[in-house]
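Q: Protein chains in written order, with the working numbering: chain S, 1 to 409; chain Y, 1 to 409.
Think of the hints as simulated: they come from the structure by calculation, not from any bench.
Be aware that a few hints might be false.
To be verified - List of simulated lysine to aspartate or glutamate pairs, EDC-like, C-alpha gap at most 20 Å:
no., chain 1, residue 1, chain 2, residue 2
1, S, K166, Y, E322
2, Y, K145, S, E322
3, Y, K96, S, D121
4, Y, K401, S, D335
5, S, K97, Y, E116
The model shown is predicted, which means the values in this text are computed figures rather than measured ones.
Number of protein chains: 2
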Amino acid sequence: MKLRLDALIELGFYGLSWPRLKQEEEKISVFLERFHEKEQGFLQLPKVKSALLSSLKLAEKLRGRFEDIVVLGIGGSALGVTCLRDALKGPFWNFKKEGPRLFVLDNLDTVGEVEELLNLDKTLFVVITKSGTTPETMAQYHYFKEKVSKENFIFITDPKEGELRKIGASYDIPMLDIPQNVGGRFSVLTAVGLFPAALLGIDLESLMKGAEDMAHSFQAKDMELNLPFQFATVQYLLDWERGIPMTVMMPYSSRLHTLADWYRQLLAESIGKEGRGLTPITALGVTDQHSQLQLYNEGPTDKLFCFIEVLKQSSPMIPTIENPKLNYLSGHRFDELMATELKGTRQAISEYKKPNLTLEIPEVNAYELGQLFLFFECSIAFLGEYYRINAFDQPGVELSKKLTRQLLS
Amino acid sequence: MKLRLDALIELGFYGLSWPRLKQEEEKISVFLERFHEKEQGFLQLPKVKSALLSSLKLAEKLRGRFEDIVVLGIGGSALGVTCLRDALKGPFWNFKKEGPRLFVLDNLDTVGEVEELLNLDKTLFVVITKSGTTPETMAQYHYFKEKVSKENFIFITDPKEGELRKIGASYDIPMLDIPQNVGGRFSVLTAVGLFPAALLGIDLESLMKGAEDMAHSFQAKDMELNLPFQFATVQYLLDWERGIPMTVMMPYSSRLHTLADWYRQLLAESIGKEGRGLTPITALGVTDQHSQLQLYNEGPTDKLFCFIEVLKQSSPMIPTIENPKLNYLSGHRFDELMATELKGTRQAISEYKKPNLTLEIPEVNAYELGQLFLFFECSIAFLGEYYRINAFDQPGVELSKKLTRQLLS
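Given these sequences and hints, build the entire structure.
A: Okay, here's the thing in structure tokens:
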């Protein structure tokens with residue numbers, strides 16, 4: 001992948017010349033040092049092969065036994081796997097007959113509806129919660145536990161502790177680990193994402209290779225080579241010096257729509273604390289040109305636009321259209337029209353003087369997705385240092401949980 | 001529906017006492033007068049029965065002939081019908097065997113994938129574009145035109161003019177009207193929403209009755225009775241006087257997730273102009289508590305939270321859980337847990353001093369959805385007057401279209 005800052009830098013309206021960005025370069029070493037002191041595990045995941053191997057092995061053992069997979073998980077236990085499915089199998093995968101379908105049950109009011117779609121005996125439930133006390137997931141587990149046998153469950157949880165680990169041990173249910181030093185929103189390259197992806201036959205080796213290459217870039221002291229640092233620096237300077245607090249993540253690919261959702265959690269939960277934070281917004285090209293572009297162009301200058309451009313897509317050809325108002329479309333493929341609309345929209349947004357940058361990938365594949373996951377995770381590590389906050393906790397969600405427990409009791 | 005401002009007013013941190021709000025009351029008459037001068041048609045739609053009757057009649061004629069419906073439309077031609085399907089048939093409707101399935105093809109890169117799911121001969125394509133020059137929709141139309149016969153098409157377009165009207169007339173394709181004084185994002189209660197909804201057997205009479213009742217409330221000079229004016233006033237004052245420019249629309253109902261998407265277009269395109277505007281953000285309870293709540297609670301005070309609370313939902317029971325850390329869940333229904341999480345989260349957000357209000361509806365049904373559509377549309381009419389901008393145009397999207405045409409030619 002490439003990070004293209006050209007539109008942003010050429011605009012010149014935000015003081016964001018390359019020399020200005022380079023002034024920050026010396027922070028890379030300091031930030032990396034502070035980051036390593038926090039002993040977070042996500043950076044090592046691409047190198048540690050144990051999760052990959054155990055996921056593949058268990059998936060191999062189960063192959064062909066189930067028609068449907070249902071992930072019981074929420075937040076970080078749901079978003080990564082949804083993204084893997086949509087990006088690499090397509091957003092319409094569950095309508096295809098190739099199977100297995102993969103449903104992610106990440107809300108409370110859809111349990112009954114999803115249950116009706118399933119042949120329960122032929123459904124594998126993958127229960128994902130690190131603590132084993134996530135109320136939504138554990139309520140769902142206990143609900144389905146009464147309906148199917150223990151052979152229909154796999155648990156993904158803390159390697160040693162927690163309520164789900166205990167249940168798994170007492171019922172002899174196969175379990176995979178979430179390393180203790182990897183938080184939920186950074187867990188997509190643990191068994192949380194890898195095991196369901198293995199069941200779908202996704203190319204995990206390439207995924208991990210892409211991630212490993214980006215983990216390498218994260219350690220580069222040279223700013224030109226450190227893409228995550230470039231991204232974090234742009235976000236931080238625009239917010240801190242220019243009061244631009246929103247990041248719009250806008251892939252021009254339906255397959256990457258849920259990648260934007262995954263990033264939305266990563267940015268919000270990591271950086272939104274102590275009265276500060278960037279607000280993530282997801283948008284989808286070309287669709288949201290017909291919904292949000294008016295605001296983006298003519299509204300306040302309070303958003304950084306982050307396009308994701310896919311160079312190679314495939315799609316059918318638009319036939320010849322005789323109508324003079326429409327014949328400019330004739331003979332182009334649908335994806336060409338999409339790519340051209342991105343160019344037109346990016347140029348328009350630039351002419352409206354709105355800051356924007358582009359993540360460019362050659363195509364949507366496992367390698368590039370692995371790069372993107374680590375690119376975003378590493379940029380968050382730098383952002384945490386810029387804002388001098390701990391990017392790896394989430395103290396602000398406890399009060400709501402406590403009040404819910406009190407109200408239910 | 002009810003609009004509950006109690007949490008907001010009791011907070012008292014934003015100067016938003018009821019007496020402060022009441023100071024704005026005298027603007028209602030002025031704003032209504034200015035609105036009526038703009039001669040917008042959406043307010044009359046619930047009373048005009050012609051779109052309802054023609055949609056029902058055509059749907060009745062076609063009943064049973066098609067397995068699938070594919071809407072070719074984007075923006076305002078896609079979001080309303082998606083919302084109607086999800087809210088009243090459920091977000092998993094297309095997986096059920098009751099049929100017909102309803103796909104909304106509102107992007108360019110999914111044409112081939114969706115095509116593979118269809119038995120084309122048994123598919124009805126509903127082509128929706130007012131001008132007949134929307135490139136995405138017209139490209140799709142010309143693509144499928146080569147694959148199926150003209151009996152597989154219905155057009156919904158301008159009653160007199162435009163490219164699609166011409167094609168329909170020359171091929172004798174059944175057509176339904178989008179009134180000329182109704183813009184795309186306000187068109188859900190024209191044939192644009194009503195005809196596909198009629199094919200799904202949705203109760204259109206109740207939908208229109210709900211809308212009509214809210215259109216009545218919009219004209220009330222008494223602020224207590226005018227819910228759209230209350231909502232617009234809160235949004236405007238928080239933005240204008242306190243610098244809170246984002247509106248987070250957060251239904252606690254999976255069925256209403258795409259209602260938030262529909263509102264997202266309505267607010268963004270209507271008010272985002274002349275350097276001003278509110279940024280809409282969609283979130284889903286309880287799911288996004290595990291993704292966004294950290295930012296919402298502990299991040300900057302720059303968002304108005306608008307919860308949608310559904311009093312009556314139905315769902316299965318959570319069985320008895322022996323574990324002492326989880327037995328507070330035992331014997332509650334899933335929807336009770338959801339409702340309680342809303343209460344806990346709302347209380348937490350209030351304790352973090354973040355402005356919030358609640359739209360309360362007794363249940364998700366056609367009547368309440370009709371109320372919600374008009375409530376939001378009417379609030380936009382008032383917001384346009386507060387900001388002194390024309391809420392009914394979208395000049396800021398033209399440049400991108402022009403550049404795209406140039407680049408393709």
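Q: Broken hints, numbered, in rising order?
A: Per hint list: zero violations.
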